[in-house]
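Colleague: Sequence:
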Amino acid sequence: SNIKTLLAKLAYHPLYGARPLKRLLELIIEKPISDLLINFSFNRIIIFSIFLNKKTFNINYSLKYL
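Quick note: the numbering used here has the sequence shown finishing at residue 108, numbered continuously throughout.
Simulated from the structure, these hints should not be mistaken for lab results. C-beta atoms are modelled at their ideal positions from N, C-alpha and C, and glycine is treated no differently. Honestly, I wouldn't trust all of these hints.
Unchecked claim - With a straight-line Cα cutoff of 25 Å, these simulated PhoX-like cross-link-like pairs (lysine-lysine) come out: (1) LYS51 / LYS64; (2) LYS64 / LYS46; (3) LYS64 / LYS106; (4) LYS106 / LYS73; (5) LYS73 / LYS51.
Unchecked claim - Simulated restraints on C-beta separations: (6) SER104 / PRO56: 32 to 42 Å; (7) PRO62 / ASN85: 20 to 30 Å; (8) LYS46 / LYS73: 14 to 24 Å; (9) LYS73 / LYS106: 43 to 53 Å; (10) ILE75 / LEU48: 27 to 37 Å; (11) ARG65 / ASN102: 29 to 39 Å; (12) GLU72 / SER104: 12 to 22 Å; (13) PHE82 / PRO56: 19 to 29 Å.
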């Protein structure tokens, strides 16, 4: 898929192979989602969707109350 191809291109390093992939995922997925979670109360269900849009990642979310 396009996401796999883009991640492979961004995370591959000739010396380290695919090891930088973990750090890349932390930067583009884990950190933004963590920041969003900090801003919401725990009485909500948060649904996240991650999209590739013209070679950028977009994280969308929707809120549902319990």
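Colleague: For each hint, tell me whether it holds in the structure or not.
Modeller: These are the hints, each one checked on the structure:
Only pairs whose Cα atoms come within 25 Å are accepted, and LYS51 paired with LYS64 is accepted, the gap being roughly 14 Å. The suggested pairing of LYS64 with LYS46 holds, with an alpha-carbon distance near 13 Å, which does not exceed 25 Å. For the given pair, LYS64 sits about 30 Å from LYS106 by alpha-carbon distance, which is inconsistent with the 25 Å threshold. In summary, the hint linking LYS106 to LYS73 is supported, as the alpha carbons are separated by about 22 Å, within the 25 Å threshold.
Distance check on the hinted pair: LYS73 and LYS51 sit about 20 Å apart at the alpha-carbon level, within 25 Å; holds. Remark: the range hint 32 to 42 Å for SER104 to PRO56 is upheld by a beta-carbon distance near 40 Å. About 38 Å separates the C-beta atoms of PRO62 and ASN85, a value inconsistent with the hinted range of 20 to 30 Å. Range check, LYS46 to LYS73: about 21 Å between beta-carbon atoms, so the 14 to 24 Å window is met.
The beta-carbon spacing between LYS73 and LYS106, approximately 23 Å, falls outside the hinted interval of 43 to 53 Å. Separation of ILE75 from LEU48 is about 18 Å and departs from the stated range, judged on CB atoms against 27 to 37 Å. Restraint check, ARG65 to ASN102: a C-beta distance of roughly 23 Å breaks the suggested window 29 to 39 Å. Look at GLU72 against SER104: about 19 Å separates their beta carbons, and that is inside 12 to 22 Å.
The hinted window of 19 to 29 Å between PHE82 and PRO56 is violated, with their beta carbons roughly 41 Å apart.
In the structure shown, a violation is registered for the earlier hints numbered 3, 7, 9, 10, 11, 13, in ascending order.
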